[in-house]
Amino acid sequence: MHPAPFLTLTASPPDIMDSFYKYHVFFCLNQREPGAERPSCANCNAQEMQEYAKKRVKKLGLAGPGQVRINKAGCLDRCELGPTVVVYPEGIWYTYVDESDIDEIVDSHLANGKIVERLKIDQ
4 MHPAPFLTLT ASPPDIMDSF YKYHVFFCLN QREPGAERPS CANCNAQEMQ
54 EYAKKRVKKL GLAGPGQVRI NKAGCLDRCE LGPTVVVYPE GIWYTYVDES
104 DIDEIVDSHL ANGKIVERLK IDQ
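Each position in the sequence shown, counted from 1, maps to that position plus 3 in my numbering.
Don't take every hint at face value.
Claimed, not checked - Straight-line Cα separation of at most 25 Å, SDA-like style, residue types lysine to any residue; simulated pairs: (1) 58 / 89; (2) 62 / 76; (3) 117 / 41; (4) 117 / 102; (5) 117 / 40; (6) 58 / 77; (7) 62 / 32; (8) 123 / 107; (9) 62 / 34; (10) 57 / 32; (11) 123 / 47; (12) 117 / 42; (13) 61 / 126; (14) 62 / 38; (15) 123 / 65; (16) 62 / 126; (17) 58 / 45; (18) 62 / 110; (19) 123 / 37; (20) 61 / 104; (21) 123 / 38; (22) 58 / 95; (23) 123 / 106; (24) 75 / 101; (25) 123 / 83; (26) 117 / 46; (27) 25 / 83; (28) 75 / 98; (29) 117 / 66; (30) 58 / 36.
Source of the hints: derived by calculation from the structure; they are not laboratory data.
Using the sequences and the hints given, assemble the complete structure.
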């Protein structure tokens, strides 16, 4: 029996480290059962805010490979600080209340690379 073939990487390390998206954004949409001990981001209009962010990013021409991707996520385990969203590759965590907060995250961080300190959740 022969060993399984292996992949030989021919790209240089910087090429390997390049991300498919400049920013990959995950919105927690977790919904817990009524009466659960911990809060749920879904109870804070997380689904609506995720959809709003996705539309806004598309409207601004920021969506797609090499740019921005907005995705849904299950529990991100920061429930008490929610609703939460995390932006990769930096791993910057935010909380938000309404569309104006989402606008600020999109306009400042995703469009211009500037972290929104007032919405940032400490690591």
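Give me the numbers of the hints this structure contradicts, sorted from smallest to largest.
3, 5, 9, 12, 13, 14, 16, 19, 21, 26, 27 and 30
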